[in-house]
Every structure is written in C-alpha cells, then in structure tokens.
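*Asks:* As a plain string of letters, each chain reads:
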Amino acid sequence: MTATRIYVPRETAAISVGADDIAISIARQAKESGESIEIVRNGSWGATWLEPLVEVDVGGNRIAYGNVEITDIPGLFSSGILGGGEHERRIGPTIDIPYLINQDRWTFWRCGLIDPTSMDDFRAHKGFGALEKALESDPDIVIESVLASGLRGRGGAGFPTGIKWRTVAETAAEQKYVVCNADEGDGGTFSDRMLMEGDPLGLIEGMAIAAYAVGASCGYIYLRSEYPLTHPILLRAIAAAYKSGWLGKDIQGSGFDFDLELHVGAGSYVCGEETAMLESLEGKAGIVRYKPPLPAIKGLFGKPTVVNNVVTLASVANIVNLGGDRYASFGVDRSKGTLAFQLAGNIKRGGLVEKAFGISLRELIEDWGGGTASGRNVRAVQVGGPLGAYIPAEQLDTVMDYEAFARIDATIGHGGIVVFDDTVNMAQQARFAMEFCAIESCGKCTPCRIGSTRGVEVIDKMIEGVEYDQNHDLLVELCDTMEDASLCAMGGMTPYPVRSVLNHFVDDFSSAQEADK
Amino acid sequence: MTRNAFDEKAAHEIVASFDARPEMLVQILRAFVDKFTWISEESIRLLARELNLSRADVHGVVSYYCDFRTERPGQHIVKVCQAEACQAMGSRQLSAHAEQSLGIEMHKSNDHVTLEPVYCLGNCACSPAVMIDGRTYGRINAGRFDELVATLQGGDQ
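Listed in order, the protein sequences are those of chains B and E.
Mapping to the numbering used here: the first sequence position 511 is 511, numbers consecutive.
Mapping to the numbering used here: the second sequence position 10 is 10, numbers consecutive.
Worth flagging that the hints you see were computed from the coordinates, not collected in a lab.
A few of these clues could be false.
From chain E, some residues computed to sit far from chain B (all C-beta separations above 12 Å) [said to hold, decoys possible]:
| # | residue |
| --- | --- |
| 1 | P22 |
| 2 | S40 |
| 3 | R55 |
| 4 | V58 |
| 5 | E71 |
| 6 | R72 |
| 7 | R92 |
| 8 | S101 |
| 9 | R135 |
| 10 | T136 |
| 11 | A142 |
In silico DSS-like links for lysine-lysine, alpha-carbon gap of 27 Å or less [as the list claims (entries may be wrong)]:
| # | chain 1 | residue 1 | chain 2 | residue 2 |
| --- | --- | --- | --- | --- |
| 12 | B | K444 | B | K291 |
| 13 | B | K284 | B | K444 |
| 14 | B | K126 | B | K298 |
| 15 | B | K284 | E | K35 |
| 16 | B | K298 | B | K284 |
| 17 | B | K461 | E | K9 |
Please read all numbers here as calculations on a predicted model, not as lab measurements.
Backbone N, C-alpha and C define an ideal beta-carbon position, used for all residues, glycine too.
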C-alpha cells in the first residue's frame, strides 16, 4: 500500500493558528488507525483565512480541508479524509478554490504547491530552469529581458529593476554584490515571508540570475529577526542548493561562481531602507547613507551592489523562462506585471492575492476579501505600509497602478492592504504614524528625528483641542518640511498617512477626545 | 528560555566561529543574545577587544538595535504586535489586557516575564498577533492570550 500524502503548511501564519499541532495529531491518528501516510510540510497557498489548510492527495488531486482544528482530526479520519471524504471542513479540490484560481500567479505559483526545501520537488517544477537558460546566454540578454518586462522594485520604491541591473553591470569593479532585502518591516505585509517559506529556492534562483547578469559573485539575504521560522527554511534551501551545485564555485560547470550568505537583522525598521541595510550588513548601526552615490555604484563595502526585494528577485525566473514581453502583457501603463497584494487587518478573507496591476482596491477588498471581518462598513484602507496613505471608502474604486495611486497622494508600496472598519479613530492612526517614525527613526536627519516627535505633540494638542487651528496649520507645515528635507522615505513619507487623515478624516481630530474616553 | 550568564569561553568561541570579522558584529551580537539572552558590559568589552573596535563602536551598534537588550529580560518574552493590521483588529485593547493580565507595563520586565510591543510579525491576515518566546500566534483575543500565558506559568524552568 502506498502512503497517502497529506499537506500541512510549515508557514508562519498557518503555524500561528495551530498547523504544527495539526500535523502531529494527524500523524498520531494515522498510526492509531493503521493508515500509511506521508506528511509534507508545504508553504501556504496564501488563502490565509482558511489556515490551517490541510490537503490530501487523492489519486493526484489535492482535496482541501479548511480551518482544521485539533478536535476535528478523529472525525476527519472516520469520515475518510484519506479518500477525500465528506466533512464540514471539506472545501473541495484546491485547484477549484476561486480565491486561488482567479489569481495571476506569476511569482507565487510554486507557493503551497511544492515541498519548499526539496530540491527534487523544485526541479520537478521548473526549478533552476531559468538559471540554466540564463547561464547559456549573454548577461546582457538577461538584462534586456528584465528591461523589457517593465519589472519595478516590489519593495515599495518601484524603481525599474532592469535599469538598476544595467547600472551595476556597467560599473567596473573586481567585486560586486547582490543583496536581497528581506527586511519586510511594513505593517500589513507578508508576501516576502510567504515566498521565502513557500519557495525559498525560487528566491535563490532569482538571486543567482541577478548575480550572473551584473557580474557579481557574492550575495546576501538580509532577513528580519521577526521571522524566526523563515530562518531555518532559508538555511535548509541554501544548503540544498550548495549540495547540488546550484550555489558555490563553477555552478553546474558553467564557470559562474556565486556564494550566498544569510544575515539576520536585529529589530530595526529603517534597516529595510537599502543604505541602512548595507550599513547593517557591514556590522554597523543601521543608519541611512547619503545618496548619491547610489548603491548600484557604491554599495556594500563600497562596491557596486544590486539591492532588490524578495518578490522582485523571485519574479525574475519566470521573466527569463517566459520572456519579458509576456510579463509586460500583464498590468497597465507603466505598472507592468503582477503584484502580490496582501489583504490584512479587519478583513474576512485575509491572505495573499497575486494579480496583474489594474485591479481596483474595491475588487480586492470585496471580491477577494469579502469585506470586513467585523461585518461593519469599511472606513479606511491603508495601502503600502506605515508610510502609505489612508484611503477613504469613497476612493475604493482607485485601480492598482503606481501612477493612479500617486494621483490621489497615495502609494502602493509593497502591496499591503490594511482594512479598518467604521470604529477606527483616524486621529489615533495619524498619531501612530508620527509615533512610529519617532520610534524607528535612525536619527541621522533632523526632520525625521525631531519632526516625528513634534508631530506626536502637535497631534496630541489638536486632539485635546488646544489652539486647534494653529496646531492644524503647524502640522501641515511640519509634513511639508519632513517630506522635503528628510534623507530617506522614513521621514519623507511619514507625512503620507498623516496628510491623508487631515484631508479625508479631519473631524476625527476634534472628536478623538470623546472617543478616547 | 534558559538564563545563561556571560561566559568568557563561550563568548570567545562565538567570536571565533565568525573568524573575528568586525563586519559580522551584528551577527555576532545575535549569537550572543541567543546564548546569553542579553548584552552585558563584559560582552561589549570582549567584543571590542577581539574585533579590534573601540568600546564606543560596539556600544553604538548594541544600543541601536532593539534586539540587543542591555538588561536581563524576564524568563519569558511576550511581544504584542502593535502595527496597523493588528490595530485594526483590536491590538490596543489586547495590549491593555496583556498589561493587566501579566501585571506589568509595556517595555517592562520582572523575573518571570518581559512585555514588549513589536511592529509587525508578518502575520497580518491572522491579526491580532503575539510572539511568545520566539513563537508567533495569530487570531488572539483576551481569552486565548490568557491560555497561552497560563501554559508559560506552568512551564517555569
């Protein structure tokens, strides 16, 4: 009798709601029932609201059971889960889940599907096929296809990836580096984490392609420390890649060398800013550098360095596989391709939705997300992390497009979408934006270091009703100063959420006093 | 979590495992925290000596990062996420509950526990989230928080 394969994610969100215990319980129940099973710890498909999502392989079809609890396990076995039997937790075939099948899974297509650290499984799903193809062609051709794809940095800044790569490629140096920014600090975002936990070898492949394209022989992944589960998964993937000759010297006999090292951050939000990250990688405090020089010219240890986000790098393999034009056929105008939107906060069906640009915020929140978890009305949506604007319910028809968001003084950033219902006090959210900046500012430039603290004080005065009009004007002026004069996006974009509250929810400043008891 | 005191031999071994490369200071400090739970003055002296840095250099790095505590934490570390997705699902109330339930304010420690805010655990589709001794838990309410904390009290080392 062959063992029935059961998938239980080893992924932070799934484990945070009990997936480890479910896996143990399933193994125990199978043993007691004398059933032969094999548990595969896959990544998450991203339908996080269904976690823990258990799948059973029934004759090659994966049957999904959602929101499984420990107490369900005996019942699931007596209902014949191993044959895909009926049960109140049974959803049906995974490939029929509308939340998943209606996505454009360009970058996340292996996430949930494969055993993340199995080289065999990765290879069986096109793994390293793009690197093989790249190694057979000229580095310039790789850069050309990335340029043609229109791929822009998915970390938040949206800088064209191909231009960055070409700059590094054209800068002569004995040593160059590729740095993967895995310091996903924005509140409301988890796509980097999901990719690293669900398809870490896909990231390694993307980094190796980048290194080959620009002539780098050494790479670093800078992972935030708040992701302790991601760490061993990445280490295992790196070890597997070394063992089978996809990292190290003379990769697959191509003559191309690429070494990869994993560094872990130490709890600083600003280290997600590329120059602060480089400082941290050099063993120093994560204090932002002046730009220019750009990291592409003088980056890590003063050498030309590609710094790209996890999702950016992971998107490259399929661009090489399928062609830049194919990627560019997704999306709109200057927002080409797909983005991994992350539905978070007060939302019924939270999770990751990879879709082509051009979808509206409303479609994501209503069609995918199913509205708020509380069942109340949506009042505000923060898009793009703590430095992103709060978008009022009236603007939910805005389409996901970098330029369309810029037109409403908002930003798409890293694709985080945090939904708030009508119980939110927006003055408190504006205050938090300033407070967060004060907590996390690296302190190098004055507008950010001092401005954020003054911002909290001014907002407190407005909330208390002390010289409201003067303080309102002062806050507007402070936002201008921070935006114009800060060294990086920390101080420069903290005004985005604050101004959006001033523009759309200004009454909350005067009503906060009562609401805050 | 064990409560290892600083041990010069172990500290030296950690530094040696990184070939005493000064550019590895952040990673070395991480290993010190794993081993000793916090960064003592003795650690700073040793690192300055072995990495050929000034004590001010090492102190500057230690004080910059919030993972590098310079005081002994409680036996257990409880972090409550206070970033926006968790705020949207009641993290402010959960934080107040945590303070009351543990009898300790945010940013404070007693022998048993350290209570801290954290800004995003990347578990934003299962908000609100907490991290206890390095494990992330999602969809937390006051009752679930108390259950998790109760298991800690039972498991004193």
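*Asks:* Would you mind marking each hint as holding or not holding in the structure?
*Replies:* Going down the list of hints, with the structure as the test:
no.	hint	in the structure
1	P22	6 Å, violated
2	S40	17 Å, holds
3	R55	15 Å, holds
4	V58	10 Å, violated
5	E71	15 Å, holds
6	R72	18 Å, holds
7	R92	8 Å, violated
8	S101	20 Å, holds
9	R135	8 Å, violated
10	T136	5 Å, violated
11	A142	16 Å, holds
12	B:K444 - B:K291	13 Å, holds
13	B:K284 - B:K444	14 Å, holds
14	B:K126 - B:K298	35 Å, violated
15	B:K284 - E:K35	21 Å, holds
16	B:K298 - B:K284	17 Å, holds
17	B:K461 - E:K9	54 Å, violated
In this structure, the earlier hints numbered 1, 4, 7, 9, 10, 14, 17 are contradicted, and the remaining ones agree with it.
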